[in-house]
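Same order as they appear, the protein sequences are chains A and B.
Heads up: the first sequence begins at 1 in the numbering used here, then just goes up one per residue.
Heads up: the second sequence begins at 1 in the numbering used here, then just goes up one per residue.
Derived from the structure by calculation, the hints contain no laboratory data.
A portion of the hints provided could be inaccurate.
List time: in silico EDC-like cross-link candidates among lysine to aspartate or glutamate, alpha-carbon distance up to 20 Å [as the list claims (entries may be wrong)]: (1) B:K105 - A:E184; (2) A:K105 - B:E45; (3) B:K75 - B:E184; (4) B:K105 - B:E121; (5) B:K75 - B:D56; (6) A:K18 - A:E5; (7) A:K18 - A:E42; (8) B:K105 - B:E76; (9) A:K18 - A:E8; (10) B:K18 - B:E45; (11) A:K105 - B:D56; (12) B:K105 - A:D56.
Output of the computed footprint for chain A on chain B, the stretches with three or more beta carbons under 8 Å from beta carbons of chain A [stated by the list, open to error]: (13) 7-19; (14) 96-105; (15) 117-125; (16) 147-154; (17) 179-190.
Note that the coordinates shown come from a computational prediction; the quantities given were computed from them, not determined experimentally.
Cβ atoms here follow ideal geometry from the backbone N, Cα and C, with glycine treated the same way.
Number of protein chains: 2
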Amino acid sequence: MRVSELSERAGVPLPTIKFYIREGLLPGGTPTGRNQAEYGDEHLERLALIRALRDDAGLSVAAIARALRAADANKEAFIGAAIDAIERPAGPRIDERSSAFRQAKAEVLALIERRGWALSEADLSVRDATRALTVIRRSFPDVPIEIYAEAVDLLARYELPQPSKAETPSALLRYALLGTVLVEPFLLALRRMAHGSRSRRIKCGAAIEPAKRPTRSVRKPRR
Amino acid sequence: MRVSELSERAGVPLPTIKFYIREGLLPGGTPTGRNQAEYGDEHLERLALIRALRDDAGLSVAAIARALRAADANKEAFIGAAIDAIERPAGPRIDERSSAFRQAKAEVLALIERRGWALSEADLSVRDATRALTVIRRSFPDVPIEIYAEAVDLLARYELPQPSKAETPSALLRYALLGTVLVEPFLLALRRMAHGSRSRRIKCGAAIEPAKRPTRSVRKPRR
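The shape of chain A in the complex, shown without the other chains (with noise of 0.2 Å):
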């Protein structure tokens, strides 16, 4: 199709498909003259993908095109690439120098040999979770990170199972993309849900003893 009949069937105005095309975010069409191209269903997929992105899970147009950029230029692992690439929130400074640091870095590497699973520390998402993973040491030294690599193991054989022959690749980066930043606030609530629904259950007084009032002889009323 050409380039107006994909704006219109994208419900995506033509300059937009332009900059989207300038920033990366959408490979040109085929050239068929000199001023024309040809667009095909998956510059319509990619087009949905990138809307979905923007308004269903709130990524800048410049997070969006680092993700899709990333996946267009990995054609091998383009999957990883993307995901990796998504936009995170900053979490707190720390000096990536510091011994506490390292120290988390040496468990984040032990714990991707222990599980097996295909990650370096070039990727981002290794170096959130040291970072992560050097402010939770602050305040729990000892409590074991063993059983949250099971239960993302657990999630991600059942999110990302092997695909079919005939899911084409956008279909697969759509589901990766968003079925990674989509479900992140649906999973951070759940787990708040069963703290709320478990702690409930657990008895233990008062958060903090309220101050007491200066002694008085406190006597019973009589009957």
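Model the placement of chain B on the given structure of chain A, informed by the hints.
This is chain B only, laid out in the frame that chain A set:
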């Protein structure tokens, strides 16, 4: 101890302590005279908790105040109340009168019922989960959500074990609040790691076909 000693031992300036008491983050001491009050270890612990929530978890003082006031106001279920009151990201705009939101709510309430969770739709975490699910359903109408409930239940049983009698309420509050917020970025980073690792093992060609150049005969350079 006097408030001056509390300030020195906690490393928190006196005006800050007074501000925390005024704003309901820290209970007042036990009055011992007209202008004097006695502070205890629970005040030291509370100040350490406030600092960790501010510096390590990155919460605003207003958000910490909401969580701690909720804990202090709910003697019976102070942990659940505090977790429920913790600051959470705003998320996308959602019309809570829409049928999509109502459907997601029915789904979340059915999940709570199935899992026997002690929660109601008044809990903020339930509302957050409903909002997140509304957005998920736009892209994935049929993906089952039970697996996520399984995963967080697995974690909650491990993260909030039945406390021993020796544990004080303020130790429990610290454990539950910091455990909830500090682990969140770690859990999300680990999930992206698991996705990244798993997707690298999925082979399915390029993300999207690159634009083809107009056909020209290409000859191999002669040697």
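Contradicted hints - numbers only: 2, 3, 5, 8, 13, 14
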